[in-house]
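Asker: Heads up: the protein sequence lines correspond to chains A and B, in order.
Take 919 as the starting number for the first sequence in the numbering used here and just add one per residue.
Take 552 as the starting number for the second sequence in the numbering used here and just add one per residue.
Don't read these hints as lab results, they were simulated from the structure.
A virtual CB, placed ideally from N, CA and C, is assigned to each residue, including glycine.
There's no promise every hint is true.
If you anchor each label on the Cβ, the simulated ranges turn out as follows [to be verified]:
1) A:Arg-1348 x B:Val-610: 34 to 40 Å
2) A:Arg-1433 x B:Asp-571: 38 to 44 Å
3) A:Gly-1432 x B:Pro-608: 24 to 30 Å
4) B:Pro-608 x A:Glu-1249: 57 to 63 Å
5) B:Thr-637 x A:Ser-1239: 16 to 22 Å
6) B:Thr-637 x A:Ala-1208: 31 to 37 Å
7) A:Val-1234 x B:Asp-652: 47 to 53 Å
8) B:Asn-606 x A:Phe-938: 21 to 27 Å
Cut-off 27 Å, straight-line C-alpha distance, at most; resulting in silico cross-link-like pairs (DSS-like, lysine-lysine) [stated by the list, open to error]:
9) A:Lys-1175 x B:Lys-665
10) A:Lys-1069 x B:Lys-562
11) A:Lys-1400 x B:Lys-562
12) A:Lys-1408 x B:Lys-643
13) A:Lys-1408 x B:Lys-562
14) B:Lys-665 x A:Lys-1089
15) A:Lys-977 x A:Lys-1017
16) A:Lys-1187 x B:Lys-665
17) B:Lys-562 x A:Lys-1089
18) B:Lys-562 x A:Lys-1347
19) B:Lys-665 x A:Lys-1408
20) A:Lys-997 x A:Lys-927
21) A:Lys-1056 x A:Lys-1103
22) A:Lys-1056 x B:Lys-562
23) A:Lys-1103 x B:Lys-665
24) A:Lys-1100 x B:Lys-665
25) A:Lys-1400 x A:Lys-1347
One-sided and incomplete, this derived list gives chain B residues near chain A with beta-carbon spacing under 8 Å [as the list claims (entries may be wrong)]:
26) Pro-633
27) Leu-651
28) Asn-655
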Amino acid sequence: MRIVLEPLKQPGKKGMEVVFGDGRVRMVHPILACYVADYPEQCLATCAKYGTCPKCNLKEDEIGGRRSGRWRTQRETMKVINRALSTSTSMSGFQQLCKSHLISGAVTRPFWQGFPLCDIHLAIVPDILHQLYQGVVKHLTNWCASLMSEKELDSRIRTLPPCFGVRHFQKGWSELAQVSGKERKDMARILLGCIVGKVPSRVIACYRALLDFIYIAQYTTHDDSSLEYLEEALEEFQAHKDVLIELDVREHLNIPKFHSMVHYMQAIKEYGTTDNYNTEMFERFHIDCAKEAWRASNSRNEVPQMTQWLSRQEKVAMFQSYLEATEMEMEGGGGMREEEENENDEEQETLGMAGTSNAQPAPPGTSQPLPTSTSLPTLTGPTEASQPLPTSTSLPTLTGPTEASQPLPTSTSTPVSLGKYVPAIIISKRPHASRQTLNNIMARHNCPYFVHQLRSYLNSFMGSGNTIPRSQLPYANLPFNKLDVWHTFKFPLDVLGNDVDPKLEIDMLRATPGRRPQQSRFDTVIVANSSDAHSTGMAGEFPTDNILSSSHLIHYMYY
Amino acid sequence: MKVGRLRVVFKLPENLDIQDSPEAPHCWPKGHLAYVEWYRLSAATGQHHNMFTVNKPPVQNDIIPGDIIPLSTIRQSCQLIPCTTTGAPWPKTWTSDNVLDQCNVFLLNNWASKHSYQTIY
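When you get a sec, could you build the whole thing from the sequences and use the hints?
Answerer: Put into structure tokens, the structure is as follows:
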């Protein structure tokens, strides 16, 4: 480490000239500010004794507390090591002296010695992957085993309904051998829901506080109030954690990874949000550079093979980017190509925002207002049902010749003009099942009241005075018997808060009938009350009573 | 916000089965529509687990509450976790495929994604 970082010491003091992306040359003083590592590496780097905190001065049996200890400083650590070096006569004596001061004693010349403006203890940053997911969540899931039977937990996990973005553990958790970081995340998603009702409520509160902490710690933007929530979550865990000891789940909670949570708030204040220094990013290289290289070797004398494999991969990648660059030049820009591919790949149609696609303005040529005459031919009342077909008088003017001369706006034409905006819905152009009879839909989608709701929905378009009375509605005929049905669609989630990185998170929903009932899937959704409703928060907006009230049949909630 | 189960995604036809007026009234929405069967959402979150409770409403007047809504009013997918009275084991007949049909009380899982954690509260 010392050898690797040696060339950075001199520039840190005297500065070095660096060419920036804008072409200017600036003087740069590189200093060691953040040290991203997992716990054993942190201990090694800071010379902290294993089991203590690399940032503050607490003994192993004290780190379960709420407060952080006195900060370790680089100078003090160095002093202890130097003193131990000069007074002790043997290596074991040196280590013993160090350990009594919470220093590991494995390192005699730390690499950070002589770095300008550096405090290695301060440079240690929190690590979501190892500390929270592989540390805290790991303990939480392991403790579940002593709180409820593993078999029952497994069966609960198997029973959960599927949901987009949530992994379904087909066999439960107990059969997972080595749990990866991604799996831990998937476990955290469903952990709390699975133990509710099975473990004491204080344990639930304890788990919930920790999960709160984990989720809030990952926010990509923070302000004083969100940091306050972070602190509150930690406080709540501290308040409830004794229950874990009372229930003999754990003898003590002096776990360095749990203690590390104490330092999160300060780290976020000093170094920014945790996604800046998460080890996840770098662990990924471990897979590319070590694991795959290992697989490519024949496991005999592997190091030369692996390095050669890596350098070959690099050459291939470089040549590939060279090819792509020349190709782009030849075609005069890659934009065209992409578009073509998109078209060929899948016929996808992007619709504009809701308000525009539904509230179609009347064609300007129609001189008459909308439904003026008696009733639309569409929903014929029960009395008229005996007559062969609606008479011409009942035909509304809006379907008359004036209108026919003007082409009806197709569903795509209006919204596409909004193309520069973010697409609201991504759905295939052709229906997944075209021209399904209504009876067929009701049977296959297991929704016996679909036609009933369809009637009352269409009734809402009849215009004032023309609506069919509710008592007669069940007997009204629908003017069509077949509908085009789609089974799945995607849409981007509202980007929360920061618009700095408008990376779209896509959500996907299914309403897919299967051949057998087990194969069908109808997802559960959250629906906004009106199109301008707040995109966050559930409270207070839900008219619980409306749903069951009799006025439910026809209501204009959405318009 | 409301919670429901997406049953059908469809479009109203542009042509009707009526000979004299084959074109659909143009006040009908042209976009995609969804038929959703509603669940009832609890007014407040649970004291310890901070999750909303979701109930299947009882059938009233022989009708399951539901609505036809524009597809774009759907905000996000959500996961419902079956919920039983304290301590009771989950019935063996429940499977991942049928639990939404067989169970009546759920918890709304706000831990399913970082997005849902920030939006469901």
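Asker: If a hint holds in the structure, say so; if it doesn't, say that too.
Answerer: Hint check results:
1. Range check, Arg-1348 of chain A to Val-610 of chain B: Cβ separation about 35 Å, and the 34 to 40 Å hint holds.
2. Against the hinted window of 38 to 44 Å, the Cβ-Cβ separation of Arg-1433 of chain A and Asp-571 of chain B comes to about 39 Å, which satisfies the hint.
3. About 25 Å separates the C-beta atoms of Gly-1432 of chain A and Pro-608 of chain B, a value consistent with the hinted range of 24 to 30 Å.
4. Here the CB-CB span from Pro-608 of chain B to Glu-1249 of chain A is close to 58 Å, well matched to the stated 57 to 63 Å.
5. The hinted range of 16 to 22 Å is not satisfied by Thr-637 of chain B and Ser-1239 of chain A, whose Cβ atoms lie roughly 59 Å apart.
6. Distance hint check for Thr-637 of chain B and Ala-1208 of chain A: the Cβ-Cβ separation is about 48 Å, which falls outside the suggested range of 31 to 37 Å.
7. In this structure, Val-1234 of chain A and Asp-652 of chain B meet the distance hint of 47 to 53 Å, their C-beta atoms being roughly 52 Å apart.
8. Checked against the hint of 21 to 27 Å, the C-beta distance between Asn-606 of chain B and Phe-938 of chain A comes to roughly 60 Å, which is inconsistent with it.
9. Pair hint Lys-1175 of chain A plus Lys-665 of chain B holds up; C-alpha atoms about 22 Å apart against a cutoff of 27 Å.
10. This hinted pair does not check out: Lys-1069 of chain A and Lys-562 of chain B have alpha carbons roughly 45 Å apart, beyond 27 Å.
11. A distance of roughly 10 Å separates the Cα atoms of Lys-1400 of chain A and Lys-562 of chain B; the hinted pair therefore holds under the 27 Å criterion.
12. Proposed proximity of Lys-1408 of chain A and Lys-643 of chain B is contradicted: the alpha carbons are some 33 Å apart, above 27 Å.
13. Taking the CA atoms of Lys-1408 of chain A and Lys-562 of chain B, the gap is near 16 Å; set against the 27 Å cutoff, the hint holds.
14. For the proposed pair Lys-665 of chain B and Lys-1089 of chain A, the alpha carbon gap of about 25 Å is at most 27 Å, so the pair holds.
15. Restraint check: the Cα-Cα separation between Lys-977 of chain A and Lys-1017 of chain A comes to about 10 Å, which is no more than 27 Å; the hinted pair holds.
16. Between Lys-1187 of chain A and Lys-665 of chain B, the direct Cα distance comes to roughly 21 Å. Compliance with the 27 Å bound is thereby established for this hinted pair.
17. Proposed proximity of Lys-562 of chain B and Lys-1089 of chain A is contradicted: the alpha carbons are some 39 Å apart, above 27 Å.
18. For a cut-off of 27 Å, the pair hint linking Lys-562 of chain B to Lys-1347 of chain A stands: about 12 Å separates their Cα positions.
19. A distance of roughly 18 Å separates the Cα atoms of Lys-665 of chain B and Lys-1408 of chain A; the hinted pair therefore holds under the 27 Å criterion.
20. Only pairs whose Cα atoms come within 27 Å are accepted, and Lys-997 of chain A paired with Lys-927 of chain A is accepted, the gap being roughly 21 Å.
21. A distance of roughly 10 Å separates the Cα atoms of Lys-1056 of chain A and Lys-1103 of chain A; the hinted pair therefore holds under the 27 Å criterion.
22. This hinted pair does not check out: Lys-1056 of chain A and Lys-562 of chain B have alpha carbons roughly 47 Å apart, beyond 27 Å.
23. Under the criterion of a C-alpha separation no larger than 27 Å, the hint pairing Lys-1103 of chain A with Lys-665 of chain B is consistent with the structure, at around 11 Å.
24. Taking the CA atoms of Lys-1100 of chain A and Lys-665 of chain B, the gap is about 14 Å. The hint holds against a cut of 27 Å.
25. Under the criterion of a C-alpha separation no larger than 27 Å, the hint pairing Lys-1400 of chain A with Lys-1347 of chain A is consistent with the structure, at around 18 Å.
26. At about 7 Å, the closest approach between the beta carbon of Pro-633 of chain B and any beta carbon in chain A falls short of 8 Å, and the interface hint on this residue holds.
27. Checking Leu-651 of chain B against chain A by beta carbon gives a least distance of about 5 Å; that is within 8 Å, so the hint holds.
28. The closest approach between the C-beta of Asn-655 of chain B and any C-beta of chain A is roughly 13 Å, which is over the 8 Å cut-off, so the hint fails.
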